[in-house]
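Protein chains in written order, with the numbering used here: chain A, -14 to 475; chain B, 101 to 534.
Rather than coming from a laboratory, the hints here were simulated on the basis of the structure.
Misleading hints may appear alongside valid ones.
[What the hints assert, rightly or not] Label pairs and their calculated CB-CB ranges:
{"no.": "1", "chain 1": "A", "residue 1": "Lys365", "chain 2": "B", "residue 2": "Leu359", "range": "25 to 31 Å"}
{"no.": "2", "chain 1": "B", "residue 1": "Leu519", "chain 2": "A", "residue 2": "Leu252", "range": "51 to 57 Å"}
{"no.": "3", "chain 1": "B", "residue 1": "Leu359", "chain 2": "A", "residue 2": "Glu305", "range": "24 to 30 Å"}
{"no.": "4", "chain 1": "A", "residue 1": "Gly446", "chain 2": "B", "residue 2": "Asn354", "range": "55 to 61 Å"}
{"no.": "5", "chain 1": "B", "residue 1": "Glu515", "chain 2": "A", "residue 2": "His432", "range": "43 to 49 Å"}
{"no.": "6", "chain 1": "A", "residue 1": "Ala30", "chain 2": "B", "residue 2": "Glu515", "range": "55 to 61 Å"}
All C-beta atoms in this analysis are idealised placements derived from N, C-alpha and C, irrespective of residue type, glycine included.
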Amino acid sequence: MPAEPFKVADISLADFGRREIRLAEHEMPGLMALRNEFATAQPLAGARITGSLHMTVQTAVLIETLTALGAQVRWASCNIFSTQDHAAAAVAAGRGGTADAPAGIPVFAWKGETLQEYWWCTEQALTWPDAGDGGSRGPNMILDDGGDATLLVHKGVEYEKAGGVPAPSDDDPDEWKVVCDLLTRSLASQPGNASQPGKWTRLAAAVRGVTEETTTGVHRLYEMYRAGTLLFPAINVNDSVTKSKFDNKYGCRHSLVDGINRATDVLIGGKVVVVCGYGDVGKGCAQSLRGQGARVVVTEIDPICALQAAMDGYQVATLEDVVGVADIFVTATGNRDIITADHMAAMKHQAIVGNIGHFDNEIDMAGVARTPRIRRINIKPQVDEWVFPDGHSVLVLSEGRLLNLGNATGHPSFVMSNSFANQVIAQIELFGKTDDYPLGVHTLPKHLDEKVARLHLDALGVRLTQLTKDQADYIGVPVDGPYKSDHYRY
Amino acid sequence: MAGIGDGGVTVGQKGRDRAIADPGLAEQGARRIEWADHAMPVLRRIRTQFATERPLAGLTISACLHVTAETAALVRVLLAGGAHVFLAASNPLSTQDEVAAALAVRYGAAVFARADVDRATYYRNIHQAIEAGPDLVLDDGCDLVNTLHGERADLVSRVRGGCESTTTGVFRLRGMAAARELGFPMIAANDTPVKRMSDNRYGTGQSVLDGILRATNTLLAGRTVVVAGYGYCGKGLAERARGLGAQVIVTEINPAAALDAVMQGFRVLPMARAAPIGDVFITATGNRDVIAGEHFAVMRSGAILANAGHFDVEVDIGALQGQAVTVNRAVRPDTDEYVLPGQRRLLLLAEGRLVNLVAAEGHPPAVMDLSFATQALATAWLAGHHDGLAPGVHDVPAEIDAEVARLALASLDVEIDALTPAQQDYLESWRYGS
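Using the sequences and the hints, build the whole thing.
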């Protein structure tokens, strides 16, 4: 069924992408160590992995680590703006191939997809070519970021079971209508019948499990599990310490400021910046903004996080308290409608608004667009000036989507090496030890989390102290770990 | 000389005088001075050098300084250089009596200083320190130089010059110079790059917070700390308060300093708006009435008031007293509780005087090491160069500042690069363009 082996913006960018991948490999010691460790064992041989994750240079190193361990891989990005076109091109061309003779993996991703294109890409990544035995095949593993691939499979199964796709209501977001359209067409082309269930039901049955990258996706998985609708086991990679703490905190600490600078080149020192949400992402954002000399004000709904922010020396206020005095607003909540059109109407002229939480609904862009007599002026890619009827304007970065990915290049390689080493280990676990992971949402065992950290120490010149047997006995842990109980919070 | 009326001991001894609390404390003071000496490697190096070169041989030095173990290290350097040293305290509360005793009994300085004296005694001590007719003076706040000009004008003409170690003192000296009332050259030892960095920023920054914590045992994390004045002291305070997790608000009257604070990410507000939201107020302005009646009236109950500036005028204690229904002295050491109408309690630390000296131990010795090294080298330099210097306020010669930094680096085993001849040539040439 898939008509094209891959779809990227410009395959001729492959050489540039390969050069960047080569540099990134040096900065991703965890992934490279896993390639060495499992070069002969090939623990992912037989795995067909569908990945839905930002198609960046770092992801290219992840993809090629999965293939180096024996997997077949198809890939889509999990965000319409986050693809680095040269990275996608290099992955399509492959390590042994060229732009003219591509020999890489089927990747469907480019920067600036429409919503229709985005979901088409996701479906392509989930659909293996005809294996010669009639009918398409699906993956037996999913590697997800935000849960869109998992969502599409689950909704496909649900609607096949229901015998059709319910009509979306007018209030539904545009994106949901696109998903419904796609599934309506899909169900029409490969309907189930008495002898054979439909495409999505067959596909889901073959999936051994999903490894999920983000807080948002993990949240969806737990909800599905509680609702009894989760179809296959999941590993919550997000909550590995070496993922969430590192990627969310240190990654965002690096890339938030990078994104704001590239988008606006505004001097951050001296500005008042509101960070909405003081979870790991918000903590990293607040720290880097303070480091640049901004005065950071935090908004929170959780009293523990609010108190943490206060104890870290930040002013904690409501958005309404500070909306008229702040210069920059950053959302990092994972929730919707954090910054509304009304908020933006009350902001200072040329206030900057950006989101570093996963989805684009933290800032109510639809509401902004519906504001009567509002004008949108595109300043440059991913930077829009929205001019309100009273003449004041607000700069919105990346249309309210992840600004660190849309305006900069996301987390740096070293941070992603931690996240992705967790992903690779989770894929090996779930694919190789499927029976150890019954239906549910699991986190990686502590010793594997510690292993990920260990793989990164040498590159930083870290010299680790070794417990003596007496010391290990004294605190009741094995000499080689795990060193902390599961509830330890780091 | 006999009969100092404040109960102190006055003994003539080898032509030197003293007015100290208790000579029996000398043993204890000597231990404290030796301890501080270990942390003052730069002064130790200079002392060795002075003992050989004797740059102050036969000269009389009158000094008005905080009488602490660190000051003792400076006095020992001056003595090693051959000077006769007459020392009074530069603050009525800050004298460490055991140090005063040790300096007088063990090291041979004439000391007129004891803790907790009244205003009359404070000035009488200064008079005694200048009585001998100094060739050189060391001042901390300009009280000695002021007293000398105002009340012992007969002694002014023989003074070769001196050093002033505080910003406040230099400010007063400039006023005197502008009015043509300063009779000899004074070196502004407060105002060198090294001193601003180590003493004001790092020394005050750390020790004022130390004083507040010792006096109140309050947790700073999560609290709003209002720092009045964003000079070098204020900068150090604001950074360190932030480091402890406080939310810092800066008040300023100088737009450049205020902008600097803003660019560092601090909230800048007028005191009138900071007063109702602050938990801890620290003044570091060098000016008076920085926290005044209208501010006390709106402060939150439990607010802590501390002063890091030189004099006790930054917090308007008179106004505070006036508003108070009750004053509970020493609810903790160095903490007075002023109960205002409506049972609002304000806590004034160290009676509004330098909280780092009163409630803690002043700057750590390593900080004072650099300040005093500058003064020791500048004093010796003055002794030799006074003829060319007009009355007025002079900067510390840049080579002295560089020498202090060099000695400090050597004591820390830090090596630095030196310019190559080609680099030196490049810097000095105007021929090279882009």
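### Task
Enumerate the violated hints, using their earlier numbering and listing them in ascending order.
Checked against the structure, the hints that fail are numbers 2, 4, while the rest are satisfied.
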